[in-house]
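All chains, please: the whole structure from these sequences, using the hints.
Chains as they are written, first to last, in the numbering used here: chain A, 4 to 88; chain B, 82 to 255; chain C, 3 to 119.
Accuracy of the hints is not assured; some may be wrong.
Just a few of them, taken from the derived set where beta-carbon distance is under 10 Å, the chain B residues facing chain C [claimed, not checked]:
(1) Val-176
(2) Asn-184
(3) Leu-209
(4) Val-218
In silico SDA-like cross-links for lysine to any residue, where the CA-CA straight-line distance does not exceed 25 Å [what the hints assert, rightly or not]:
(5) B:Lys-191 x C:Val-108
(6) C:Lys-95 x C:Ile-5
(7) A:Lys-86 x C:Val-108
For the record, the hints were derived by calculation from the structure and aren't laboratory data.
Every residue gets a Cβ at the ideal spot worked out from N, C-alpha and C, and that includes glycine.
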Amino acid sequence: METVFIIVLSLMALGLLLGFLRFVKGPTAADRAVALDTMSVIATAALVLLGLMFKRYIYIDVALIYAVLGFIGVIVIARFIEKAL
Amino acid sequence: MQDGKSSISKFLYTFIMVFIIWNAFTWPGSFADIQLAEVLTGAFVSLILGLLTNKYFSCCGLQVLMPHKIIFLVQYFFVFIIALIKANLDVAVRVINPALPINPGIVEIKTKLTNDFAKMILANSITLTPGTLTIDVIDDTMYIHWIDVATENPEEAFKEIAEPFEKVLLKIYG
Amino acid sequence: MEILRYIGYGLLVIGGIFLFLGALGIYRMPDLYNRLQAGTKATTIGAMSAILGVGFIEPAWMVKTIIIVIFIGIANPLSSHALARAAYKAGLKPIMKKKVDAYEKVQDIEVKEEVKL
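And the structure:
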């Protein structure tokens with residue numbers, strides 16, 4: 004069943020790569036913020052899956068905190084863009 | 082204001098919610114492993130938070146937790162899950178299609194909901210359902226970016242986008 | 003218990019596929035609002051499904067995975083509202099084949115209110 008994990012992790016890695024390409028290309032700051040949001044959600048899911056693969060319960064807490072911080076970061080960037088793009 | 086909105090009822094609602102969240106966070110894996118000290122600390126923290134923040138966290142007090150409202154909540158959950166799956170197949174087809182079949186625009190709809198929390202749930206549900214993204218909510222008007230505009234008329238757009246959700250939400254928060 | 007594991011693996015694969023499709027949408031769509039459409043919906047269900055799948059494979063972790071799923075379900079649409087609204091206020095107009103823009107007319111009212119503050 005390790006193969007399932009490898010397949011899902013490769014899909015996530017491809018997703019992170021596409022998000023990163025948009026992050027580099029993105030014509031405006033808002034596009035970069037969207038790419039960052041997507042990447043942080045994918046990273047949250049990947050952390051939970053890695054926690055399952057390595058049998059470490061603590062990774063779940065790390066993923067939760069990462070999701071909260073990503074959300075707050077995007078909200079702050081959005082407030083900033085609203086006044087000065 | 083009206084019935085069920087006294088501050089005691091709001092306090093109890095906040096207390097129950099915070100206590101449930103505390104226990105979910107400190108869940109040890111099985112009922113046998115629950116520590117009494119942890120539950121008591123949770124009750125103490127929930128008491129303080131409930132006293133301090135019931136103004137902000139609770140809109141309508143305990144009446145949201147009545148059994149018939151919980152049945153509607155479960156019904157809402159199923160309506161929502163079906164819409165979510167449809168939305169994702171729709172987006173997936175659009176993304177894979179080499180021609181990118183999109184015809185975007187921004188339409189407005191009117192909602193009958195008055196409660197802020199219910200409006201938030203409706204806006205979130207609209208965002209997660211096929212081809213629509215809420216941009217702003219001003220009083221009772223929602224501005225929605227629609228990936229494939231079918232109609233510009235607010236009433237028809239409302240029927241297409243929000244009707245199944247609002248029907249259930251009106252029963253809970255109406 | 004064995005059947006729960008297989009449900010979990012199925013959810014994991016579905017989640018991985020949707021996460022990939024969401025990122026592909028982010029990359030392919032022509033403007034910010036369409037990117038948000040693809041990005042929000044597909045990555046939300048992808049992450050929810052993958053994390054729930056982990057919960058099914060390891061039942062002792064179920065409660066905490068459900069917390070993460072609920073948090074993502076609430077937070078992801080909220081952050082996309084905030085970004086869409088901010089981009090529109092900052093002057094980024096959506097690409098449209100035929101102009102359908104009901105939000106344009108309320109911009110002036112909003113600005114006047116902000117000046118009053």
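Comparing the hints with the structure gives:
1. Val-176: holds, 4 Å
2. Asn-184: holds, 5 Å
3. Leu-209: holds, 6 Å
4. Val-218: At 9 Å from the nearest chain C Cβ, Val-218 (chain B) passes the 10 Å test, so the hint holds.
5. B:Lys-191 x C:Val-108: holds, 15 Å
6. C:Lys-95 x C:Ile-5: At roughly 50 Å apart (the allowed maximum being 25 Å), Ile-5 (chain C) and Lys-95 (chain C) break the hint.
7. A:Lys-86 x C:Val-108: Cα-Cα ~17 Å, so holds.
When held up to the earlier numbered hints, the structure conflicts with hint 6 and nothing else.
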